[in-house]
Amino acid sequence: MTGSPPYASRRGPNEYPARSAGRRALSNRIFTVVCWIVAAASIVLLAILLITIARQGWAHLNLGFLRNVPSRNPAEAGLGPAMWGSVWVCAVCGLVALPLGVGTAIFLEEYKPRSRVVRKLHAFVQLNIANLAGVPSIVYGIIGLTVFVQAFDLFGNANEPRFEIGSVWYDQFIDESGQYLSVSIDGRSAPPAELRDGMAATDDFGHPVAIRVVSRDESTGETGQVLAGSEPFRFVEKSWYYLQLPFGRGVLAGGLTLMLVILPIVIISSQEALRAVPNSLRESALGMGATKWQMVWRMTLPAAVPGIMTGAILAMSRAIGEAAPILILAGIVFITFTPHHLMDDFTAMPLQVYDWASRPQDTFHEVAATGIIVLLAVLLTFNAAAVFIRQKFQKPLS
Amino acid sequence: MPQGAVSVFTGRSVRTRPMTTIPAGSTADAPARSAPGPARGRARSLTGRHAAEGAIKSALITCAAFSIFTTFAIIVVLGTETIAFFRRDEVSLREFFFSLQWSPLLGAEKHFGIWPLVCGTLLVTGVAMIVAIPLGLMTAVFLSEYAPRRVRAILKPILEVLAGVPTVVYGFFALTVITPVLRHLHGEFDVYNVFSAGLAVGIMCLPIVCSISEDALQAVPRSLREGAYGLGGTKFDVSVRVVVPSALSGIVAASLLAVARAVGETMIVALAAGNLARLTLDVRDQAQTMTAYMVQIFLGDVSNFGVEYLSSYAVAAMLFVLTLIVTLLGYRIRATFREEYE
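Residue numbers (this note's numbering), protein chains in the order written: chain H, 1 to 398; chain B, 399 to 740.
The shape of chain H in the complex, shown without the other chains (with noise of 0.2 Å):
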């Protein structure tokens, strides 16, 4: 046999140099120990994260501090108006991202394509979802002002509307008896009601009263009578299905710019999740004569749930944290009240602990850890809700 065996390598024996073995064994106890060191650091972490802002926060926890409205004194501070308005933004969001996010999944998961061009297509959508993935969430901050807030200046400013539904306007006068009468107006930009004898009007309680103009001498401070060149104040009545376009900076808005954050995070868990399901329920469903959807909707879906519902519970936690794209899109805002309808302006919990942190006083800074005790209670009962979830219903298809 001439030349080498066609397994050697072209490296002679000795070009590999021979570990000591008692080297080698010292290089992997000194990794293991290092291993085990960078593991702990990570609860470590933890634990100081959470032990330095609890002592910063503790003092201010209590249930006032849950109902209170935000102040300019740190005692009195609270996160009231804050929370309500995440409830808000978040179920929006939750509403409309679950069912396009599943939709997705759906679509990719189990409507394979079979042609060329349309797989072209699909291969896209995919990378799209995973590029949608990375965009970070400022960005959908602007895009979300500039689309749904503004909604590109096509309807014209958001504070004057140019189409709403749910608001009915009034021009109010002061009568003598010092209560408010209400005119019943076109909208927004009707002219000023013009004061006249018999003219109908309501009080502050509702009932009809007619206005009758008199002056200053023949006044008997009786309700009804309005003096002569009263000037009216407009005023406003929303309802709950207040809507208008542009949306402004509601509660809408901050929703649905939740919403395209975490819809890519919906999306692919809940592929996972369907992806999960193995193929022979599919295909014993299909072999049973079921249409596609039967088989998605009475096999695959049930079996993925619990998977979608693990996710979607994570994706929900991220919106509840999520400050950067409401801050580009409310701004720091001073509330006091808790949102009424879809439009109304609106904070949310850590845009208040935002600004809180931002305060340079030490005080608001321990309001600002007491805020963020609350916030990091919702978002592990979040968590701890998706673990639960994960191991309860999961169970083994395959």
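Honestly, the hints are just simulated from the structure, not real lab data.
As the structure is a prediction and not an experimental result, all values here were calculated from the model.
Positions of the beta carbon are idealized from the N, C-alpha and C atoms, including for glycine.
One should not assume that every hint holds.
Distance condition first, Cα-Cα at most 30 Å in a straight line; then the derived BS3-like pairs of lysine-lysine [claimed, not checked]: (1) LYS455(B) to LYS292(H); (2) LYS455(B) to LYS120(H); (3) LYS392(H) to LYS292(H); (4) LYS455(B) to LYS112(H); (5) LYS120(H) to LYS392(H); (6) LYS633(B) to LYS554(B); (7) LYS112(H) to LYS292(H); (8) LYS633(B) to LYS392(H).
Residues from chain H shown here face chain B by an in silico Cβ test under 10 Å; the list is partial [as the list claims (entries may be wrong)]: (9) VAL34; (10) LEU45; (11) ILE53; (12) GLY134; (13) ALA357; (14) LYS392.
Chain H is fixed; fit chain B onto it per the hints.
Here is chain B on its own, set in the frame of chain H:
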């Protein structure tokens, strides 16, 4: 045409189909035929079923199209506003990319050179990655190769909690804990400094690096490990010289994903890194990142039509392009260099 197919298209009950297709020679006799019993409920026509299927499919396609539409909206919004920005007399493309000064709010003469902001962003990202990649990778190796099952059961949820902590909390942590400690150790640190923000961003990115790297490590088949052990490798040899190199594409992808997150991170830098845009390499100083600049503009009293306001769109476009490149690179690496085992 066989009898069964006709009956389907004339809208007869779908349930009758199996009965009509039973071959004539089958041994099924009368009692066996009646075994399925009368059809329960109303028979539904197949055409209606087809219509419903089509409607559902188009609804699902609409859902999927929404994500394309989102990307489209991002590109259109950022594109048009950025073009509007460069149309202004105060700025030019040349200045944007070649000037080294970014001072849109201060002073009589405004300068729009993007580099100070990019520099701030890269500094924070650099510090963060020095923390997150080695620590995250080692934790992943530990979880995948070393950890006993019980330790793993503790460590995994802790990492999940760390991943779920909102970034504003990390920002607060950087501002009120990390920075004072740094200033205590070394007096030169500014109240707002890049290092503190970078550390916090690194802590934030650690679980991302860890969990995705761990997935990649777990995907390495047992046979490779067993082969390495069989050749006499120690655990260190096996994990560092065999498993990690085999999972390298996944690890690189994880790191790139973490880079994208760090570049786009907003709340930590807005709280802890300061608001002074300048070209510096000193991590003890404050610096402004691209995201922090956007926060400054949208929180400040800047007119909606001013050049400063528009500049934030240009910065956002820059940020979008940067993260897009990093994300696509990660996607590419994962798709191209993934070693398919089995």
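| field | Structure versus earlier hints, numbers of those that do not hold, lowest first | value | As far as the earlier hints go, 5, 8 and 14 are violated by this structure, in ascending order.
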